[in-house]
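Asks: For reference, the chains in residue letters:
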Amino acid sequence: MGHGKYIDPFCHSDPFCHSERSEESLYRVQAGEVLNLQFVVLPGESRDIDVSIDLIGPGAQAHIKALYLCKADEKVNFRILMHHRAPGCHSTQIINGIAGGSAQVTFHGTIVVAPDAQQTEAYQENHNIVLTEDAKVQTKPQLEIYADDVKCSHGATVGQLNEDELFYMRSRGVPEAEARTLQMLSFLSPVIPEGRENEIEKAVRSL
Amino acid sequence: MHKLLEIHNLHATVGDKEILKGIDLTIGPGEVHAVMGPNGAGKSTLSAVLTGRPGYEITEGSILYKGEDLLAKSPEERAWAGLFLSFQYPIEIPGVTITAFMKAAVNAKRKAHGLPELKTGDFLKLMKEKMAMVQMKPEFAKREVNVGFSGGEKKRNEIFQMALLDPTLSILDETDSGLDVDALKIVADGVNALRSPEKSAIIITHYHKLLEYVQPDVVHVLKDGRIVKTGGRELIDIIETQGFDQF
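In the order they appear, the protein sequences are chains A and B. The first sequence begins at 18 in my numbering and counts up one residue at a time. The second sequence begins at 137 in my numbering and counts up one residue at a time.
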């Protein structure tokens with residue numbers, strides 16, 4: 018990742034992450050550039066995140082990390098389009114989150130690999146934990162591949178906290194709430210931004 | 137003076153199936169009891185019920201621990217009161233290190249007893265000492281709990297946690313299964329090091345090997361949800377040569 022020109026969206030993404038319900042963004046990533054996006058949605062707001070990324074120059078890269086935590090009747094919607102238009106581009110996406118209360122979450126992630134985009138590498142992961150019966154998560158990953166020399170994968174899961182892990186920890190004296198917090202933080206660890214660990218931990222404890 | 141553990145007429149079901157059909161078992165301070173029995177006898181159900189694993193229903197009977205109703209306590213409260221189960225199949229916890237896990241466990245127990253949290257340095261020193269006792273390499277402290285561990289490493293990790301938590305009543309559920317002789321000796325040495333006039337243990341096994349190294353005071357035969365025979369160590373040899381069919 019060291020050679021490309023780095024586009025830093027952090028300086029502007031955070032303010033609108035916290036102040037607006039909805040964001041629609043289109044990014045065009047040129048040859049050799051690297052785009053890094055990070056989204057954090059914490060309890061207390063509903064959010065629509067709608068991102069389209071065009072990898073239009075050879076060797077362009079885009080990496081998305083997103084974390085959501087929601088409760089009550091909050092709604093969080095992700096719509097991500099990763100469009101590989103040029104050869105040799107590389108994209109990764111990892112979106113992990115936890116839904117409690119009667120929150121509703123949707124994830125719609127599409128990877129499109131254009132006919133000219135040979136030697137594409139594109140990966141997408143979306144993992145979700147639902148804490149309550151009323152929380153709902155819908156995940157819809159989609160791959161549209163029109164080139165033949167590509168490496169693509171996607172993985173999507175919706176699950177619950179592992180009860181065996183929970184009992185194991187409790188049997189050693191870790192209180193149930195603490196054990197759940199440890200489990201949730203470990204689930205989120207791939208997407209927790211550096212420096213925001215305490216803030217995220219506090220939000221997890223509030224679920 | 138109370139007995140440490142008094143199980144009276146314990147019946148337990150899983151789903152609709154009755155697994156324990158009237159267990160009576162009393163354990164005094166300092167005693168090591170072996171519970172032996174064939175597969176499906178209810179051995180693991182007994183350990184699950186003692187530690188409060190969800191999914192088991194007690195339909196009849198009682199368990200007193202230090203004179204108090206054990207069944208009324210949550211799994212963590214049982215741990216704070218000095219109960220420990222070495223799991224037959226230790227659970228992997230991806231993303232949680234042994235250090236983070238044990239620090240949470242040790243400090244929760246201290247808090248329950250009105251003690252201040254251990255300072256990180258003191259905790260790490262204690263952990264290192266107990267890991268050395270079961271010959272776990274120091275780098276395991278940073279490993280995720282049981283993730284990628286061999287069978288022997290998982291069992292040693294159980295005994296390490298047992299040593300660290302310093303329980304009053306330890307339950308070893310098939311701790312010997314899947315261990316080679318060297319690992320078995322390490323585990324046995326760890327268990328023997330914890331023996332004292334106040335501390336008791338229940339060793340659940342269908343196999344005599346561990347009992348050669350950790351000698352029990354009392355041996356029970358559990359079969360079809362009941363204790364069908366109680367005796368001394370001579371029972372181990374009888375089972376070894378003649379099996380469980382005679383009981």
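Please keep in mind that the hints were generated in silico from the structure rather than gathered at the bench. Treat the numbers as computed from the prediction; the structure is a model and nothing was measured. Hints are not guaranteed to be accurate.
When the alpha-carbon atoms are kept at most 25 Å apart in a straight line, the in silico DSS-like pairs for lysine-lysine are as follows [what the hints assert, rightly or not]:
| # | chain 1 | residue 1 | chain 2 | residue 2 |
| --- | --- | --- | --- | --- |
| 1 | B | 202 | B | 157 |
| 2 | B | 247 | B | 153 |
| 3 | B | 239 | B | 209 |
| 4 | B | 255 | A | 219 |
| 5 | A | 219 | B | 278 |
| 6 | B | 202 | B | 153 |
| 7 | B | 335 | A | 219 |
| 8 | A | 219 | B | 247 |
Asks: Taking only the CA atoms, is the gap from residue 247 of chain B to residue 153 of chain B under or equal to 25 Å?
Replies: Roughly 39 Å separates the two Cα atoms, so the pair is violated.
Asks: Verify the proposed pairing of residue 219 of chain A with residue 247 of chain B, using a straight-line Cα cut of 25 Å.
Replies: With a Cα-Cα distance of about 21 Å, the restraint between residue 219 of chain A and residue 247 of chain B holds, given a limit of 25 Å.
Asks: Does the structure keep residue 202 of chain B and residue 157 of chain B at a Cα separation of 25 Å or less?
Replies: holds (24 Å)
Asks: Between residue 255 of chain B and residue 219 of chain A, is the straight-line Cα distance small enough, at 25 Å or below?
Replies: holds (22 Å)
Asks: Please verify whether residue 239 of chain B and residue 209 of chain B have alpha carbons no more than 25 Å apart.
Replies: holds (22 Å)
Asks: Would you mind confirming whether the straight-line C-alpha gap from residue 335 of chain B to residue 219 of chain A stays at or under 25 Å?
Replies: Given that 25 Å is the threshold and the Cα spacing comes to 39 Å, the pair is violated.
Asks: Decide if the proposed pair is consistent with the structure: residue 202 of chain B and residue 153 of chain B, CA atoms, cutoff 25 Å inclusive.
Replies: violated (30 Å)
Asks: If you draw a straight line from the CA of residue 219 of chain A to the CA of residue 278 of chain B, is it 25 Å or shorter?
Replies: holds (24 Å)
Checked against the numbered hints listed earlier, the structure breaks hints 2, 6, 7; every other hint is satisfied.
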